[in-house]
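Engineer: Chain residues, written in single-letter form:
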Amino acid sequence: MTPILSLRGYSYAWPGAPSWTLREVDLEVNPGECHCLMGGTGSGKSTLALAVKGLLPAGRQGGNLLLNRAGGEDSVAVGLVMQNPETQLLAETVGAEVAFGLENLCRPPQEMTQRVTQALATAGLNLPLDHPTSRLSMGQKYRLLIAAHLVLGPALLIFDEPGGQLDSPGLRCLSALIAELKEKGLAVLLCDHRSQELAGVIDRFWQLTEAGGLAAGAMPLEPAPPLPGALPPLPLSRKSLVEVTNLEVDADDGAPAWAGISFTLQEGERAVLCADNGAGKTTLLRCLAGFIAPRRGSVKIFGDSPKPEKLRGKLGFLVQNPLRQLFETTVFDEVSFVLRRTGAANATLSARVERILQLCDIAHLARSSPHQLSYGQKHLVALAAVLVAEPRLLLLDDPFAGLDGRYLSRVSQLLVNLNEEKGTTLLWTTHDRGSFPSWVHRRMTIEGRSLVSSFC
Amino acid sequence: MFPVFAKLPSSSADGKAASPLLSPGTALTLCFVLSLAAVIAHSASVLLFLSLADGVFLYLCRINRHSLWRAGKIFLWQSTLVTGLYLLRFGVAAGLGPGLLISWKLVLAFTPGLALAQGIPQNGIEKAMARILPQRMAFALSMSIKFLPLLTREIRAVYEAQVLRGARILPRDLWRWRNWSDFFHSLIAPSVVQAMLLAENIAQAARSREFGRYPRRTIWPG
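From first to last, the protein sequence lines are chains W and L.
Taking the working numbering, I'd label the letters of the first sequence as residues 1 to 456.
Taking the working numbering, I'd label the letters of the second sequence as residues 1 to 222.
Here are the simulated DSS-like cross-link-like pairs (lysine-lysine), alpha carbons at most 27 Å apart as the crow flies:
hint, chain 1, residue 1, chain 2, residue 2
1, W, K307, L, K73
2, L, K73, W, K310
3, W, K310, W, K239
Bear in mind the hints are in silico, worked out from the structure with no lab data behind them.
Can you make the complete structure from the sequences, with help from the hints?
Structural biologist: This is how it looks when you write it as structure tokens:
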């Protein structure tokens with residue numbers, strides 16, 4: 001059988017980078033096969049995906065990358081579904097989105113409707129062609145993107161980190177779709193470090209090493225619970241830190257999925273809220289931090305209505321993709337910013353920053369620029385910059401989606417330590433029902449429009 | 001509320017935005033003319049006339065009340081800031097009139113763009129622009145309009161995270177000059193980085209679907 005994709009000793013270094021990101025990679029993918037590339041955060045999975053699609057900038061390259069089928073007049077050799085659907089949806093309606101690639105291939109308009117309809121059916125998205133893309137769920141957006149690539153008739157379809165966006169049911173749907181595509185002879189390359197849900201359709205596992213090489217891999221085991229020791233009981237006598245009563249809000253970017261919810265969080269409690277993307281998790285946290293006023297009901301933080309200016313230093317908020325909050329020129333300055341703004345004395349400031357850097361295992365990076373660190377290290381800096389203030393309440397808005405198990409374990413350990421030492425109350429939100437941390441006292445989900453809470 | 005706004009739609013029954021009453025080409029032309037007129041206008045009477053014209057334009061673009069309310073809050077904040085700066089620089093007697101006039105002009109200069117971005121379908125704008133601009137430039141401009149809300153959300157997230165990290169960038173903080181360094185340092189700098197990253201991601205997504213393979217593109221008939 002002639003392979004669709006063949007890499008022989010392929011190496012690549014980004015422009016200006018001193019070391020290779022990919023080094024002497026050998027890989028063959030045949031029609032109807034599904035290969036999974038695993039590797040830690042920042043190991044080069046996305047780089048390899050971009051290389052196969054031909055989207056890498058001209059850096060240093062070595063070896064060969066061969067595609068058995070070149071793109072024709074009306075088709076392409078490789079389709080690449082990247083990580084974030086929000087930045088890949090370029091049109092306003094489902095039909096226009098799928099047709100975007102056909103427009104670029106200069107296909108006649110009379111040919112488009114049939115090809116678009118067929119691609120949508122293959123991707124399992126049965127929606128009118130004029131349905132607005134803004135009203136799709138995350139799972140539907142992902143399917144739409146798959147259709148937008150299938151319409152171009154690729155021989156190889158690459159998925160870059162689907163686990164970063166899809167929850168467990170979404171990944172199971174993707175697994176069924178990949179099985180169908182394989183039956184039709186399409187080759188699939190998955191780049192993901194979280195592949196348990198997709199394991200049934202994967203023919204070969206590969207592991208990207210830290211040096212950039214590719215070695216034979218194996219199906220990853222279920223991640224071990226990151227919490228050392230048993231979960232301490234939550235004393236009932238402690239006072240409530242967060243009190244939410246019959247809360248309803250009007251959010252700028254659409255109404256949340258919930259309404260009239262009530263819950264309390266006690267001092268020192270660790271809670272996780274799990275809900276689909278777009279359900280209103282961020283809206284709830286923004287409301288707790290005082291950035292959105294309730295339309296109905298009430299919120300009390302530390303016994304008072306939340307006001308951002310009064311919560312500085314007391315409430316820590318780690319946003320989705322926390323890398324975007326980094327702005328200083330050194331890690332030390334980044335982490336010490338909150339202490340400088342809350343008026344900490346210089347001696348205290350240095351001691352606290354050094355301690356948190358050590359706890360996060362990034363003390364050796366104190367004089368480095370946060371912008372030149374690896375993806376995982378940047379996350380640790382962002383977390384340290386919030387933890388250094390020793391907030392009494394810490395809101396974590398799904399900030400570690402896409403991080404591999406090694407970093408997730410380290411982050412979990414840090415949060416547990418902070419909670420045990422300082423009594424910090426934690427509220428962590430996640431879109432992934434399969435990744436409930438084992439160290440929480442309480443699990444919350446949104447069922448219908450209500451909040452369902454259960455103690456562990 | 002301004003009378004014409006009272007009739008503005010919130011959304012149609014099926015959840016889709018109400019259809020605009022102007023073609024994309026006409027809306028684009030009117031947007032350009034109204035914004036340009038607001039920039040070059042000097043007298044209050046011309047600005048009053050332009051305000052009425054903008055009101056009609058908003059109605060014809062079928063802007064919903066929610067979008068209008070959000071824009072109104074931003075315009076109010078912008079006008080307060082601009083007028084405040086005039087008062088600080090020139091004093092109450094000499095600064096109030098010019099400050100209010102400039103604020104009014106800014107609102108009128110941006111309102112047609114808001115109506116265009118919110119009311120007219122993006123592929124319609126792209127098609128209209130492609131008649132007078134190279135297709136790549138038309139695509140880039142229409143994408144800039146489409147992704148403006150996403151960029152705004154990104155900037156808002158950075159703003160809120162920095163406020164809670166202690167940055168003095170709340171509106172009341174900015175009345176003190178020394179806090180403006182926080183504004184540029186902790187908000188503007190990361191926001192510019194985010195804007196560049198967003199542009200790179202969008203460009204990569206477009207190229208992954210063969211945008212740029214040929215100099216011209218055909219058009220989806222839907």
